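Chemist: Residue strings, one per chain:
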Amino acid sequence: SAVISQKPSRDICQRGTSLTIQCQVDSQVTMMFWYRQQPGQSLTLIATANQGSEATYESGFVIDKFPISRPNLTFSTLTVSNMSPEDSSIYLCSVEDLGEDTQYFGPGTRLTVL
Amino acid sequence: DQQVKQNSPSLSVQEGRISILNCDYTNSMFDYFLWYKKYPAEGPTFLISISSIKDKNEDGRFTVFLNKSAKHLSLHIVPSQPGDSAVYFCAASGGQAGTALIFGKGTTLSVSS
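Residue numbers (this note's numbering), protein chains in the order written: chain A, 3 to 116; chain B, 967 to 1079.
It should be emphasised that the hints constitute simulated quantities derived from the structure, not laboratory data. Treat the numbers as computed from the prediction; the structure is a model and nothing was measured. For each residue, glycine too, the CB sits at the ideal point set by N, CA and C. Misleading hints may appear alongside valid ones.
[Said to hold, decoys possible] Selected chain A positions facing chain B (Cβ under 8 Å, derived; list incomplete): (1) GLN30; (2) GLN43; (3) SER44; (4) LEU45; (5) LEU47; (6) LEU94; (7) GLU98; (8) GLY101; (9) ASP103; (10) GLN105; (11) TYR106; (12) PHE107; (13) GLY108; (14) GLY110; (15) LEU113.
Starting from the given sequences, assemble the full structure and let the hints guide the process.
Modeler: Shown next, in the form of structure tokens:
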């Protein structure tokens, strides 16, 4: 399976600021996803990062709040904008290659908003 | 409305015994099911999966059973080892969800030696 890294691994941010999380894969993959895991909750899909076009957002998530970039087949970023304490979560990227049914996850970014 | 439910938040088992983790789903369009294991401060690690055309899939100590009529799947770990202590997530995909994974809330497994 692909090796996935995320930066930063954790951060503590002030309310109203923005944080960009990077996801790097060691091989080209077709699909990249961004998930959120709020405290005590399951993982929830935020959006699918599409290479060369806008990300596809799930219900409840919007581009202004969570802008996503996917400049190539090995890299994506998720920005959490204008943060509030409710954005405190673990943010995870995952990848899935064409023809496979299994997603593999990065180590996650633990975000705390004060 | 939760489409994937793991009703047991925790499970304690002795080393060497069987661990059975359960998962129920409500969406009959789901056609692919996965189990992930998650240690603290790490991302979920893929364990085992099953397609809806099968009712059992085995990989070493891990076996997943799927009962489509009951919309229920279970993960069996035999024999359980202390290193298996982690949070286990059940996930499903298919139908309108497409390739997106819908996760349960997880079950924390503790294996004591």
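Chemist: Now, for every hint given, state plainly whether the structure supports it.
Modeler: Status of the hints after comparison with the structure:
1. Interface hint at GLN30/A: violated, since its Cβ lies 17 Å from the closest Cβ of chain B, which is beyond the 8 Å cut-off.
2. Because the closest C-beta pair between GLN43/A and chain B is about 7 Å apart, less than 8 Å, the hint holds.
3. Because the beta carbon of SER44/A sits about 4 Å from the nearest beta carbon in chain B, less than 8 Å, this interface hint is met.
4. For the restraint placing LEU45/A at the interface with chain B, the shortest Cβ-Cβ distance is roughly 4 Å, inside the 8 Å limit, so the hint holds.
5. Restraint check, LEU47/A versus chain B: the minimum CB separation of about 5 Å is within 8 Å; hint holds.
6. Because the closest C-beta pair between LEU94/A and chain B is about 5 Å apart, less than 8 Å, the hint holds.
7. With a least beta-carbon distance of about 6 Å to chain B, the hint placing GLU98/A at the interface is held under the 8 Å criterion.
8. For GLY101/A, the interface hint is violated, since its Cβ never comes within 8 Å of a Cβ in chain B; the closest pair sits about 12 Å apart.
9. Interface restraint check: ASP103/A against chain B, minimum CB-CB distance 5 Å, threshold 8 Å, status holds.
10. Of the supplied interface hints, the one on GLN105/A holds, with its beta-carbon coming within about 6 Å of a beta-carbon of chain B, less than 8 Å.
11. Because the closest C-beta pair between TYR106/A and chain B is about 6 Å apart, less than 8 Å, the hint holds.
12. Because the closest C-beta pair between PHE107/A and chain B is about 4 Å apart, less than 8 Å, the hint holds.
13. Residue-level restraint check for GLY108/A holds (minimum Cβ-Cβ distance to chain B is 5 Å; threshold 8 Å).
14. The beta carbon of GLY110/A comes within 5 Å of a beta carbon in chain B, closer than 8 Å, and the hint placing it at the interface holds.
15. Residue-level restraint check for LEU113/A is violated (minimum Cβ-Cβ distance to chain B is 13 Å; threshold 8 Å).
In the structure shown, a violation is registered for the earlier hints numbered 1, 8, 15, in ascending order.
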